[in-house]
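Peer 1: Each chain, letter by letter, is given below.
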Amino acid sequence: MAQVHNWHLGRDMEYPYTGGTYDRQFAAVFNINRCIACQTCTMSCKSTWTHSPGQELMWWNNVETKPYGGYPTHWDSRLLSMLETANPGGQTWTKEPGPTSAPYGQFSGQTIFEAADLGQRVLGYIPEENDWKAPNRFEDHATGAPRTGASLPEHEGWFFYLARICNHCTYPGCLAACPRNAIYKRPEDGIVLIDQERCRGYQKCVEGCPYKKSMYRPTTRTSEKCIACYPRIEGSDPLTGGDPMETRCMTACVGKIRMQGLVNVNTDGTWMNEPSHPLYYMVHEEKIALPLYPQFGTQPNIYYIPPRWVPRQYLYQMFGPGVDHAIEAYTRPSRRLLAVLQLFRATQKIIFSFDVEEGPLLSEIVVDGAPMELYDDTAVGFDQNGNEIIRVKVEDPLIERPGKINSL
Amino acid sequence: MTALTSTSPRTRRLIAIGLVLMLAIGFRIFDVTPAAAQSSILTSWSSTTDPGLDPNSAVWADTPATSVQLTAQNVTPPMSTGGIRAVNVRSVHYNNMLYVNLQWADTTPDMSTASVGTFADAVAMQFPSVAASSVPAICMGQADSAVNIWQWRADAQEGVSLMPDRGYVDLYQFTDDLYYPARAAGNIQSSTAAVQNLIAGGFGTLTPLNEQVIAGAGSHGALGWSVTLARPFTAPGENQPAFATGDMVDVAFAVWDGTNKDRNGQKSVSAFVRLEIAGNDFAAPPTVPASDAPFPWDTLALITIAVAVVGLVLAVFGRPSDWDGDDQPDQT
Amino acid sequence: MTATWEPVRLLDVRPEIDPAFKVEKDVEAEDPLELVGVTYPTDREADTIAARCFVEEYAMIGWRADDIAALFTSPEYAALYRMFSAYGFGFVHEAIASVFPDQRRA
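Line by line, the protein sequences are chains A, B and C.
Take any residue in the first sequence, count from 1 to its spot, add 23: that is its number in my numbering.
Take any residue in the second sequence, count from 1 to its spot, add 5: that is its number in my numbering.
Take any residue in the third sequence, count from 1 to its spot, add 201: that is its number in my numbering.
The reader is advised that the hints may include incorrect statements.
One side only, chain A facing chain C, incomplete, derived with CB under 7 Å [claimed, not checked]: (1) Leu175; (2) Leu384; (3) Ile412; (4) Ile413; (5) Glu418; (6) Asp419; (7) Ile422.
Mimicking EDC-like on lysine to aspartate or glutamate, the simulated pairs with C-alpha atoms at most 20 Å apart in a straight line are [unchecked claim]: (8) Lys266(B) <-> Asp35(A); (9) Lys69(A) <-> Asp347(A); (10) Lys118(A) <-> Asp35(A); (11) Lys279(A) <-> Glu297(A); (12) Lys416(A) <-> Asp391(A); (13) Lys156(A) <-> Asp181(B); (14) Lys279(A) <-> Glu258(C); (15) Lys118(A) <-> Glu297(A); (16) Lys416(A) <-> Asp406(A); (17) Lys416(A) <-> Glu229(C); (18) Lys416(A) <-> Asp268(C); (19) Lys69(A) <-> Asp181(B).
Please keep in mind that the hints were generated in silico from the structure rather than gathered at the bench.
Even for Gly, the Cβ is constructed at its ideal location relative to N, Cα and C.
The following block holds chain A by itself, in its conformation from the complex (with noise of 0.2 Å):
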């Protein structure tokens, strides 16, 4: 076993691997509050990959609804009852979150590579059939329906959805759990992938994975896993001109959600230090964006800006000790915060850095009880090679029909 360093936990942890170098991540920005799950990332990446016979249960990206539905079911509270069993009361947070190596304080408890059981690399379970089965069980399920309905800052029955494709983990549960190196971790833009010749379907990998995104195919007798879209990302889609591009479940989200884009790593898994990157602005920077249950240990690139209704402590298990300051820091948004949330989905292509071009005032509005001043701000994005490639305003722009276009 080595040790790595792993700056969501803010320590370094045990993991079967030496971490290896490379350029860039892929990772992400879901922002939660807007998710209506209307499923169609998760139809697009099943109309592009996992339709053909034997992948008939597989969803590589999913929408469910918390706190009940899960796909598998119930994938996130078996694993949490797991690392609780081996590590009783232990599963805590210390110290005051610190700088960017350790922007959410340190987590004392033990990941699934440290809990793993004598004899298996990885803490896991492996779920039967019967659990893939279902992704939409207790879809719009809330949490109960008290008298007097919703309520802020916490609603006191509540749901919200939880959309999630496989986190192209910077120590993969899988990667380590497979006992044949037939995953491998790409080293131009950090994507976890399945070698289908060398794979020979012992299924380690759907046990070792936490987040349970790997997979097997009963028609090929291996195990496939969300693949990024990689062709996508190495910009051979013709529509952006060799430009890369943002995967299928983050270009066709409807509610405009989702930002994917490669950062640039150093080597001991950080991400460097690159203000002008919109995913490093919002992660390190206004910090509104969290990892998905960091305690498993695995550094999971995609990122969640929570929802803002739900009880704190049910968050705070799931993202981590940075949910306050995320909510807070979402919900009055900086004024270049909120321009760079103009960005999500204006552009198929990756957005390697913005800039903010100021703007007139706007409105002055009441926001959560105090006074927010809104201004006309046009947020560019740019390629990796500095050229621009998309300007949104802050103001959504408004165009007037005439009355009458047609015969209808």
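We have chain A; now place chains B and C onto it with these hints.
Peer 2: Just chains B and C now, kept in the frame of chain A:
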């Protein structure tokens, strides 16, 4: 010491004893006969009838079995929780083809991996890849001492019919190999090959060989599996063992129980044992004692050495002629 | 690589002629096959909060006050329209004014 320098009868005795001593040492060092160094516990008998691949062939009923003990694999993760305790091995060869029949107790046949999270029963035999090399110290071989593995899986011949049994399908848009990436990549796991011919040189290095020359079939009865594996004595390439009548071959076994979620390292394994490819059939009169034990060349060598050493001591120092210890030759 | 094994189709798929694809399960008489909505009780206080949040969110993506108000009176926005139907124009004006104070009517 004057006895040593003369050519007395004593000297002649000494020379004779010295020769015997050298002979005895020679027995030990040079492994004079095939059965000298280790005892074999498996024998592949010569058969007069073709057993074929049918695991229930009558030939097996007439062939004696040897029970090989299995233990849970606990050398490297993922480790087994144990399960199958022994496998009964029978072997014959016919027409320069080696047949091995393996039977083990497993009342729950696991013949399908059509469901996610299921695993198939399987059995494998492992030989050092180059016959004359050293036997690897641990299973799955080592980098400088690879092993050739024949693995039979219960699900390999399954013709899978999936969703129509368990659901309704509108349409599969694309079903050519491109949409089964493992098939398009030539992964043997995606084929219906009953037995895979593989090589390994350490944990995690298992790789299919280009020469898929092992035939096999399995049958599940009330108590367990019966599987026959077969291969011609000679096989192409240098990664497989060559067999010949009279050979002593090292072999190890592994069994997987799908009900126990066995796969990969989660299996029950045996140590390496020796398989003798005998020239006679089981029914022929044995040329070795009926106890099936080999001629005890070891014991003979040790006795010869002991006699020689005693004789040498007596010859050099002479028989004691002063039993009563009074420094005078005894009166007879 | 020069593999000598033959990949064999495990599932021969021809949906238009393969009888295995026919529907074998009959429709269950007691299965209504209809959307079942889960009702969630609210009151005016809860709806006031919900409406305010809605206006805030749309304001911060650059919508003007009167465009947001138009959503309440549009039947296509079911939740907002229900609030408007239940509580009337005054409710809508209050919701807008809580975010756009200069829109407050005397």
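Peer 1: Now look at each hint and say whether the structure bears it out.
Peer 2: Cross-check of the supplied hints:
1. Leu175: Check passed: Cβ of Leu175(A) comes within 5 Å of chain C, closer than 7 Å.
2. Leu384: violated, 12 Å
3. Ile412: violated, 20 Å
4. Ile413: violated, 16 Å
5. Glu418: holds, 4 Å
6. Asp419: holds, 4 Å
7. Ile422: It is violated, given that the least Cβ distance between Ile422(A) and chain C is near 12 Å, above 7 Å.
8. Lys266(B) <-> Asp35(A): violated, 33 Å
9. Lys69(A) <-> Asp347(A): violated, 35 Å
10. Lys118(A) <-> Asp35(A): Given pair Lys118(A), Asp35(A) holds - Cα atoms ~15 Å apart, limit 20 Å.
11. Lys279(A) <-> Glu297(A): The given pair, whose Cα atoms are some 24 Å apart, is violated under the 20 Å limit.
12. Lys416(A) <-> Asp391(A): violated, 23 Å
13. Lys156(A) <-> Asp181(B): Violated. Lys156(A) to Asp181(B) sits at ~25 Å, over the 20 Å cutoff.
14. Lys279(A) <-> Glu258(C): holds, 13 Å
15. Lys118(A) <-> Glu297(A): With Cα atoms ~26 Å apart, Lys118(A) and Glu297(A) exceed 20 Å; violated.
16. Lys416(A) <-> Asp406(A): Judged against 20 Å, a Cα distance of about 18 Å means the pair holds.
17. Lys416(A) <-> Glu229(C): Distance ~54 Å between Lys416(A) and Glu229(C) Cα, so the pair is violated.
18. Lys416(A) <-> Asp268(C): Within the cut-off at roughly 17 Å; holds.
19. Lys69(A) <-> Asp181(B): Answer holds: Lys69(A) to Asp181(B) is near 17 Å, not above 20 Å.
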